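Enquirer: Take a look at the letters that make up each chain.
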Amino acid sequence: MRTIRTLLPFLLLLVVFLAPGIAQAGDDIQLFLDGKKLTPEVPPRIVNDITMVPVRIVAENMGAKVGWLESQRKVTVEKDETKIELQIDNPNAVVNGIAHSLEAAPFIENGNTMLPARFVAEQLGIAVLWDDLTRSVMFFKPVREANAGDTPVDKPSSKQPDGTGSGPQTKPIGNGGQTGGTGGGSQAKPSGTDGKAGDGGSTRPGSGDSGQPGKNAGGDNGTASPQKPGDNTGRTATLLGVEIREGKFVIQTDGDIDPSHFTLSNPNRLVIDLPNTALPKSADEKPGVREMAVDHPLAHKIRYAQHSLDPAVVRIVIDLKGKVGYSLVKNAKKKELTVTLSEIKYKIVIDAGHGGSDPGASSISNKQEKDFTLAVANKLYKLLQETPSVQTIMTRTDDSYPTLQDRVDLANNAKADLFISIHGNKFEQNPAISGTETYYYDEKSLEFARLVHRYVVEAAGLPDRNVRQANFKVLRDTTMPAVLLEIGYLSNERDEKLMLSESFQNKVAASIVDAIKAYFQIT
Amino acid sequence: MSKPKIGWIVLAALLFAFVLAGCGGPKQNGAGGTDAAKQEMTVKAYYADESLDKLNEREISIRFASDDEKYRAALTALATAPDARLKPLAAGLDIRSVKSENGNVVIDLSVKDEGRLGSPGEMLLIEAIRKTMFQFPEVKTFDLLVDGKPAESLMGHVDLQHPFKRDS
Numbered sequence: 001m002r003t004i005r006t007l008l009p010f011l012l013l014l015v016v017f018l019a020p021g022i023a024q025a026g027d028d029i030q031l032f033l034d035g036k037k038l039t040p041e042v043p044p045r046i047v048n049d050i051t052m053v054p055v056r057i058v059a060e061n062m063g064a065k066v067g068w069l070e071s072q073r074k075v076t077v078e079k080d081e082t083k084i085e086l087q088i089d090n091p092n093a094v095v096n097g098i099a100h101s102l103e104a105a106p107f108i109e110n111g112n113t114m115l116p117a118r119f120v121a122e123q124l125g126i127a128v129l130w131d132d133l134t135r136s137v138m139f140f141k142p143v144r145e146a147n148a149g150d151t152p153v154d155k156p157s158s159k160q161p162d163g164t165g166s167g168p169q170t171k172p173i174g175n176g177g178q179t180g181g182t183g184g185g186s187q188a189k190p191s192g193t194d195g196k197a198g199d200g201g202s203t204r205p206g207s208g209d210s211g212q213p214g215k216n217a218g219g220d221n222g223t224a225s226p227q228k229p230g231d232n233t234g235r236t237a238t239l240l241g242v243e244i245r246e247g248k249f250v251i252q253t254d255g256d257i258d259p260s261h262f263t264l265s266n267p268n269r270l271v272i273d274l275p276n277t278a279l280p281k282s283a284d285e286k287p288g289v290r291e292m293a294v295d296h297p298l299a300h301k302i303r304y305a306q307h308s309l310d311p312a313v314v315r316i317v318i319d320l321k322g323k324v325g326y327s328l329v330k331n332a333k334k335k336e337l338t339v340t341l342s343e344i345k346y347k348i349v350i351d352a353g354h355g356g357s358d359p360g361a362s363s364i365s366n367k368q369e370k371d372f373t374l375a376v377a378n379k380l381y382k383l384l385q386e387t388p389s390v391q392t393i394m395t396r397t398d399d400s401y402p403t404l405q406d407r408v409d410l411a412n413n414a415k416a417d418l419f420i421s422i423h424g425n426k427f428e429q430n431p432a433i434s435g436t437e438t439y440y441y442d443e444k445s446l447e448f449a450r451l452v453h454r455y456v457v458e459a460a461g462l463p464d465r466n467v468r469q470a471n472f473k474v475l476r477d478t479t480m481p482a483v484l485l486e487i488g489y490l491s492n493e494r495d496e497k498l499m500l501s502e503s504f505q506n507k508v509a510a511s512i513v514d515a516i517k518a519y520f521q522i523t
Numbered sequence: 524m525s526k527p528k529i530g531w532i533v534l535a536a537l538l539f540a541f542v543l544a545g546c547g548g549p550k551q552n553g554a555g556g557t558d559a560a561k562q563e564m565t566v567k568a569y570y571a572d573e574s575l576d577k578l579n580e581r582e583i584s585i586r587f588a589s590d591d592e593k594y595r596a597a598l599t600a601l602a603t604a605p606d607a608r609l610k611p612l613a614a615g616l617d618i619r620s621v622k623s624e625n626g627n628v629v630i631d632l633s634v635k636d637e638g639r640l641g642s643p644g645e646m647l648l649i650e651a652i653r654k655t656m657f658q659f660p661e662v663k664t665f666d667l668l669v670d671g672k673p674a675e676s677l678m679g680h681v682d683l684q685h686p687f688k689r690d691s
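Chains as they are written, first to last, in our numbering: chain A, 1 to 523; chain B, 524 to 691.
Simulated from the structure, these hints should not be mistaken for laboratory data.
It should be emphasised that the depicted structure is a prediction, and the values quoted were computed from it without experimental measurement.
Check before you lean on any hint, since a few could be wrong.
Unchecked claim - Using 16 Å as the maximum straight-line C-alpha spacing, the simulated EDC-like pairs for lysine to aspartate or glutamate come out as follows: (1) A/Lys335 <-> A/Asp254; (2) B/Lys567 <-> B/Glu650; (3) A/Lys367 <-> B/Asp636; (4) A/Lys367 <-> B/Glu637.
As the list claims (entries may be wrong) - Simulated coverage check for chain A against chain B, where a stretch passes if three residues somewhere in it have a Cβ under 8 Å from a Cβ of chain B: (5) 354 to 366; (6) 400 to 411.
In this text, a Cβ means the ideal position worked out from N, Cα and C, and glycines have one as well.
Produce the entire structure from the sequences given, and follow the hints as far as they go.
Expert: Next comes the structure, spelled out in structure tokens:
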């Protein structure tokens with residue numbers, strides 16, 4: 001057992017902006033202002049470990065007035081009471097008449113004046129953080145200027161597709177597979193604070209490098225406001241420590257934290273953001289990344305940093321040895337979060353049929369099939385989170401329409417082990433037809449088709465309309481065992497009533513999970 | 524020089540026979556055609572059985588004045604079953620247009636939201652359209668468009684081939 005709890009104050013500091021010693025040409029540095037990505041016309045450059053940004057960033061994004069005196073090759077940056085004078089190739093600057101030495105002198109590149117980002121920003125009262133994970137410079141405007149309302153949330157966020165709300169004291173708050181990410185560039189914003197499901201955010205499959213839209217989906221656009229009514233009255237909790245207990249990572253705080261979490265690839269890492277949380281005072285003076293090697297079969301090291309100041313978010317990163325599954329359990333009483341890592345053995349694609357522009361069948365009482373399929377798929381997703389050896393990949397987690405080809409590509413590119421498409425049936429020309437059908441296309445899918453059909457028929461309690469062969473695209477073009485479940489008939493009165501009920505959906509979702517476990521012999 | 528002369532006579536005879544048979548007579552085309560100009564024909568149409576397990580074939584009579592009208596009439600027949608034990612599959616489709624050229628037929632459809640079928644229904648519907656179209660020996664291919672566009676699928680289960688070909 002290895003404890004990091006006591007190491008907090010003196011953990012090796014990777015102070016902001018020192019890390020870029022490794023920066024190579026073409027190694028893009030990203031800029032963010034209050035979580036919003038900036039796109040300078042020339043990329044930032046690293047000189048002597050100092051990030052240089054084009055002057056336009058300073059003028060347009062930091063709201064300063066910039067002047068240029070050609071004869072002296074002098075740049076002036078003015079904002080409020082502050083006046084900064086810099087000179088091209090001169091490693092000295094003057095701020096309000098007082099000389100400061102710079103670690104890197106301004107220079108001109110392709111007609112753009114490049115200024116030392118941290119120096120200028122801090123003189124203007126803008127906080128600066130270097131995020132080594134994503135190789136990003138994060139600027140944060142002073143509180144009174146920050147406009148929390150419009151901080152757009154860049155993906156990814158790890159909201160569950162199906163909200164947990166406030167639940168029992170110890171509740172699974174999620175698990176992930178891995179790597180939904182966009183490689184290097186994902187910049188996660190602290191997400192909402194109440195643990196409720198976010199929605200919105202499009203979930204086109206294939207957008208991630210290894211396709212895990214479900215994990216990144218449900219972005220919490222619009223829920224970025226740090227403090228919601230009735231939310232802990234905005235108290236900021238403190239991260240007390242992180243320790244490894246019986247192979248699990250235990251995060252100790254002094255508050256009730258609903259973290260957001262997600263994984264990124266290249267390199268593989270698990271990111272846990274603690275909203276409304278700060279590092280202890282003693283460690284707070286120099287924002288930076290603290291890190292520590294760990295002795296764990298699936299992880300190299302753990303790092304954390306004050307990821308943002310307003311709202312206060314601590315980011316914990318576990319550097320992984322490969323793609324792993326994880327689950328995150330909160331114990332509100334103990335104020336602990338426990339992260340369990342486990343090897344991923346199976347990847348399963350859950351496909352909620354239809355969606356978005358394709359409503360699917362309409363039911364007797366005029367409900368849409370696409371909502372039924374999503375409800376069942378999300379329940380299935382949630383249940384599968386309790387099986388960390390299974391990575392669940394969702395074709396959609398909201399009301400969007402991935403094409404059939406998108407769904408196929410997602411599964412094939414992820415090299416999934418199983419594909420399960422959820423549907424609701426309809427044939428209003430004969431409303432008496434009722435029951436469950438399971439479709440497969442070829443031999444490799446037949447075994448699972450029979451198995452899952454048996455489980456679902458039993459759980460649904462509807463007439464058994466058999467396992468059937470069909471040339472449906474998602475079955476024919478997927479390379480792994482694939483089934484399409486027609487749970488029941490939305491055109492039948494009894495079926496419909498059941499299908500629209502939560503308890504029926506839960507039962508059916510649980511039976512599919514049981515079938516998956518039986519198929520892979522997961523105990 | 525009798526050879527070419529014989530050739531001309533044969534050609535003229537063929538043309539005459541063609542006109543008599545009324546095949547594809549352009550004058551009969553279009554909405555202006557009267558009932559008298561229409562011909563009647565028995566074609567096969569396909570419907571689901573009561574339990575939505577398989578297609579049933581029935582012969583029905585259609586009236587049309589052109590090939591395009593013939594295809595449209597045959598497809599339209601799929602929306603109404605001739606007897607109560609058969610269930611129509613195409614009731615959820617509107618046929619916007621049918622146009623053919625050299626045996627390649629383009630059928631533009633729209634799908635009524637309330638007419639969307641589950642996967643077995645869509646599978647049988649596509650098969651019904653296929654069999655209906657390819658019963659006409661002159662049809663080489665047909666293409667199903669949705670609202671004028673080559674959609675991936677009619678109802679989200681079966682992918683459409685653009686165009687459908689015989690034996691494919």
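Enquirer: Please go over all the hints and tell whether each is borne out by the structure.
Expert: Against the structure, the hints:
1. A/Lys335 <-> A/Asp254: holds, 6 Å
2. B/Lys567 <-> B/Glu650: OK: B/Lys567 and B/Glu650 at ~13 Å, within 16 Å.
3. A/Lys367 <-> B/Asp636: Status holds; Cα separation ~12 Å.
4. A/Lys367 <-> B/Glu637: OK: A/Lys367 and B/Glu637 at ~10 Å, within 16 Å.
5. 354 to 366: holds (count 6)
6. 400 to 411: Contact hint for the stretch 400 to 411 of chain A vs chain B: holds, 3 residues under 8 Å.
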